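Trainee: Construct the complete structure from the given sequences, taking the supplied hints into account.
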Amino acid sequence: MSRRTCCIDANILFDFVAGDIFDLLFLLPFDFHTSDIVANEISRSYSERQLAQLGLEILALDDSEVLEIFTLKQEHIGLSVEDVSVYFLSRKHGTMILSNDGPLRKLADASRIEYHGTLWLLEKMIQGEILRPQEAASALRFMLNNKRWLPRPECETLIKKWESHE
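Quick note on numbering that gives the first Met the number 0: the sequence shown kicks off at 0 and runs consecutively.
Keep in mind that the hints were calculated from the coordinates and are not lab data. Possibly wrong hints are sitting among the right ones.
[Stated by the list, open to error] Taking CB as the label site, the calculated pair distances span:
(1) Q52 <-> N145: 34 to 42 Å
(2) D62 <-> T156: 20 to 28 Å
(3) F25 <-> E162: 24 to 32 Å
(4) D61 <-> T156: 42 to 50 Å
(5) S110 <-> E153: 19 to 27 Å
(6) E56 <-> R151: 14 to 22 Å
(7) R48 <-> L23: 35 to 43 Å
(8) R3 <-> F69: 38 to 46 Å
[Stated by the list, open to error] 30 Å max Cα-Cα, derived BS3-like pairs, lysine-lysine:
(9) K146 <-> K72
(10) K105 <-> K72
(11) K91 <-> K105
(12) K159 <-> K91
(13) K105 <-> K123
(14) K146 <-> K105
(15) K123 <-> K146
Given the structure is predicted, the values throughout are model-derived calculations rather than measurements. All C-beta atoms in this analysis are idealised placements derived from N, C-alpha and C, irrespective of residue type, glycine included.
Mentor: Below is the structure:
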């Protein structure tokens with residue numbers, strides 16, 4: 000698989016921390032980047048140095064970019080500043096967005112930006128033989144047990160499918 004660049008939101012990072020497979024996320028054939036605003040959000044779990052060592056490029060926003068993000072935030076009230084920073088960087092660099100956030104995904108869709116979430120990434124990890132299906136099921140159970148906001152019916156369907164995989 001060729002490498003694709005994506006801008007990743009904090010909720011995806013937190014899902015993979017909760018699933019106890021955070022470091023495995025970066026084995027996918029993607030060039031991951033995010034804003035310094037999002038990196039700050041996960042800084043209690045991982046330092047910027049640790050994130051960079053794993054393969055997450057943290058893009059520092061300059062003053063004019065921060066101003067543009069706050070202007071966009073006023074236009075999109077349902078989004079957090081972090082979400083808008085992901086949208087901004089994705090639009091600026093022409094990358095896909097990785098997020099589970101509904102309003103951000105709606106904005107990406109309206110802007111014709113490709114987006115995917117945690118469940119898609121887990122499927123990619125199975126396809127890339129980074130995780131066995133049973134390991135993905137276990138990680139997804141950990142995520143759900145750690146109160147991650149994922150679509151439970153879809154998760155249960157995937158868990159059953161992956162657990163029955165030989």
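Trainee: If any of the earlier hints don't hold here, list their numbers in rising order.
Mentor: 1, 2, 6, 7, 8 and 12
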